[in-house]
Amino acid sequence: MKDRGWLVLTVAAIGMLALPFLRDQFGFPVFYLVFLSGVLFWTAQATSWNILSGYSGYFSFGQGAFFGVGVYSVAFFFARRGLSWWVGVLLGGLLSMLLALILGTIAFRLRQLRGEIFALLTLAIPFILAAVVRLSRTIDGGQGVGIPVPSYPDMIGPFQHFYFVLSALVALIALALAYGMQRTRYGWALFAIHDDEQVAEGLGVPTFRYKMIAIAVTGLLGGLSGAVFALNLGHVSPEGTFNLRVPLFAIVMSALGGRRHWAGPMVGALYIYTLQNRLSAAGFEGWSLIVLGAILISLILFAPDGLMSRFTRRPWTVTAVLVGVLVAMTALGTGLIIDRLAVALLVAAVTAFLPRRATADTRPPETARGLSGLEQDPGGDEARPPELGRPLVSVADVTKSFGGVRALAGVSITVSEGELVGLVGPNGSGKTTLVNVISGTLRPTSGSITVAGFDIAGLQPHRISHLGLARTYQIPRPFPTLTVRDNVAIAIMFGREPRGLYSSREAADEHLAMVGLAELAHAYPPGINLHERQLLEMARAIATRPKVLLLDEALAGLNPVEIDNAVAVVRRIHRSGVAIVLVEHLLRVVNQLSTRIIVLDQGLLLAEGEPAEVLKDPAVVATYLGKQPHA
Amino acid sequence: MNELQSIIFGALTGSSFALIALGVSLTWGFLKVINISHFGLVLIGSYLTFQVATSTGMDPIATVVVTAPAMFVLGATIQWVFERFQVSELNSLLIGYGLLIIIIQVVQNTWSADFQRMDPSLNPYFTRSIAIGQLRFPVATLLAAGFAIALVLVAHFVLEKTYAGRALQAFGQDRQIAGAFGIDHRLLGILLAGTIGASGAIAGMLYALGQTLSPDAPFEWIGRVFAIVILGGIGNVTGTLYAGLLVGAVSGIVAFIWSASVAPLVVFSLVVLALIFRPQGLFLRKGGH
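If you read the sequences in order, they're chains A and P. Residue numbering for the first sequence follows my numbering, starting at 3 and increasing by one per position. Residue numbering for the second sequence follows my numbering, starting at 3 and increasing by one per position.
Think of the hints as simulated: they come from the structure by calculation, not from any bench. Any given hint could be a false lead.
[Unchecked claim] Simulated DEER-style distance windows between Cβ atoms: (1) P:Ala-133 x A:His-237: 41 to 47 Å; (2) A:Val-89 x P:Asp-176: 52 to 58 Å; (3) P:Ser-114 x A:Gly-337: 29 to 35 Å; (4) A:Gly-242 x P:Asp-61: 36 to 42 Å; (5) P:Ser-57 x A:Asp-26: 57 to 63 Å.
All C-beta atoms in this analysis are idealised placements derived from N, C-alpha and C, irrespective of residue type, glycine included.
So that you can see chain A by itself, here it is in the shape it has in the complex (with noise of 0.2 Å):
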């Protein structure tokens, strides 16, 4: 059951293939074989970019490049050079996928990429483009080039047909992908890179590499996709080829269908192209823009998920509602095929937009979560010191300088197995910048920094997480999109050992019962309280296996109860054999769960040791509670 969807896509592809040699003994109009390619092409150049920019987030404007990387490697290869239209075809989907990987390399490696400047980037490819392809004779010149029509097999039929079907192959390749990518871990790496890339980065996901492989699917998908079109145009020139068309319906048709859906962008090509071409068929030509235009407007404003989130809420009701117009149509008789097709679109689209009736909140009461999930901890204060082992952490002589400001001064630190460091100071004394070089967020200025054993100086994030260092951030980050499970397998699947979509989520529900949120599995992040967050935070953290885990203030802002019950589940952690670096404020925590102390004071190491001389020691308690006259 759990691929059902493969079962649907093979279904359609041999239905689909089929259609034009059923022509004969259906009898319809080849018209409908055209307006069906139509749709095709759109559904590849959508899924294609859909799968960059809808997946990963990167908004690209550069899929004209793509689209006329295709289209150019027909009009040279096949039309200039007289190679076979397959030959040209294929380098046009190869040729655009290596644009795309150098311009990933490009665009991936600059620090700090904004969405928005890629987004320029990606705007500026295809001007470049169309000035070479104006300029160069040998490709163009200016002119335009002529398409000859291929010479395809026989038994094919008419060039509609041969259209068709090599439209269909492409639109089918670019559905399977996305389905596959949202099926497994390609495209929950992207998930999680759309909702927070360094967060993903810290739990394990390799983003450079995963984001290479969505913008290289992305450029093989519109190049194929581009020179297949090219087959059916006649004639190709730089202007009609590299403009902003491309780019921005496929835009619009995966805003309308849904970014998050492999099935969206088709969706929105079906909606999009359907509505345009009955609006030029009954002379409303002058306000398709107007229409389009208003349906992107509405739905960025009021259903900014797309449709098809929609539909999976309702799905048989929305086919009840489009099989059933449809049919009462055709035993009316009204319209053509293509009308009845149309008004069941449009019917359906209501019928998913009815507000549904009101299900009783299948959150459990306030009172009954999170907390209640804990069994008191047994323990109490008589902690036992676990064994201590190996040192997992080494911090040697380790600086960390923001411009003119020495956020760290020289910091020496080890972290043994089986600890519970608590690391303390004031504001600004370098706590958050010392686990920022260790998680690898930060690179330290000099000095250097071992995990568990290995030297991490030039190791990316993801690296240092499958060393077995996992951390939590002071403001929780969630993927908001992802439920909290979701959250948590995501960490299982690209942990040391990768796992599979449906292993991880099972597992998933162990770590989140080490926290308490098991109650909470299906909720959304933007749904639950600090509290809640924090510990999924945790949750997260310890579901990459980690040997040693860094606690940012994991319980800043809490209330006495939920202190009392996140320091058990931080005391859980550690039992279960977990090294734990706690950084916190509240010293009678620190105090009640540290093996050691570390206190930092303007980024320098002050004290060191047992809690309990630690937090007697005279400079520490100066620097704390200010220094007394003769107190």
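Position chain P relative to chain A; hints supplied.
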């Protein structure tokens, strides 16, 4: 002498694009809205100038008395919607695009897809040119550049020297904090968007003085204008002007030496390099980071 002519002519043309770019850059920098619909306002402005001048016989420059208030209201309304729905930066791009295609279609339905141009008797600026030494420049181009440069300088002065300008800068840096210090960000944002809309009307008027109008024109502007916005630095007023002059001059000289179709290659390669090496823009603001 012809090289000089093409560089200066290019720079003058570029500076008038800088006026459009200024609108995009300011809404992006201060209001966090990537306002593609601004191109639509410029388009409407140019057609309204054409229409008002043609039907009333008014001097085309004087038509801004009508068009600027109209575009002020339109710009302010759009910003009100963005505020009302708390639209994110990315979604503002999509909504702006939706508005732009609606505007293009409305313009096309109203004035047809054919090229339109003001009658020469109504638009004396189109045909005349002025000789400066051995160089000759069309009056329309000089006017466009003059207006654009003057407006950019006014914008710079207002932002740097007035209370409203300071408040806007604070708002651009951190909305919530600025709000906490008593800046009515919604009103300020709507006023700024209205003013930018009015500047779009002026840009449209200037375009109508020297060019034939077509509903598709915005798609020709988008690339060049975004190039200027990026090179100038987002939200950087004087940077936008310099970038406009630079892009124009480079296009002019490349077109002269080589061919006009090479110009985009050079300009957009410059943009790619700038994005990689100086994503904050070529021209640093004083006190900027």
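Consistency of the hints with the structure:
1. P:Ala-133 x A:His-237: 41 to 47 Å: Cβ of Ala-133 (chain P) to Cβ of His-237 (chain A): about 44 Å, so the range 41 to 47 Å holds.
2. A:Val-89 x P:Asp-176: 52 to 58 Å: 56 Å, holds
3. P:Ser-114 x A:Gly-337: 29 to 35 Å: 31 Å, holds
4. A:Gly-242 x P:Asp-61: 36 to 42 Å: 39 Å, holds
5. P:Ser-57 x A:Asp-26: 57 to 63 Å: 60 Å, holds
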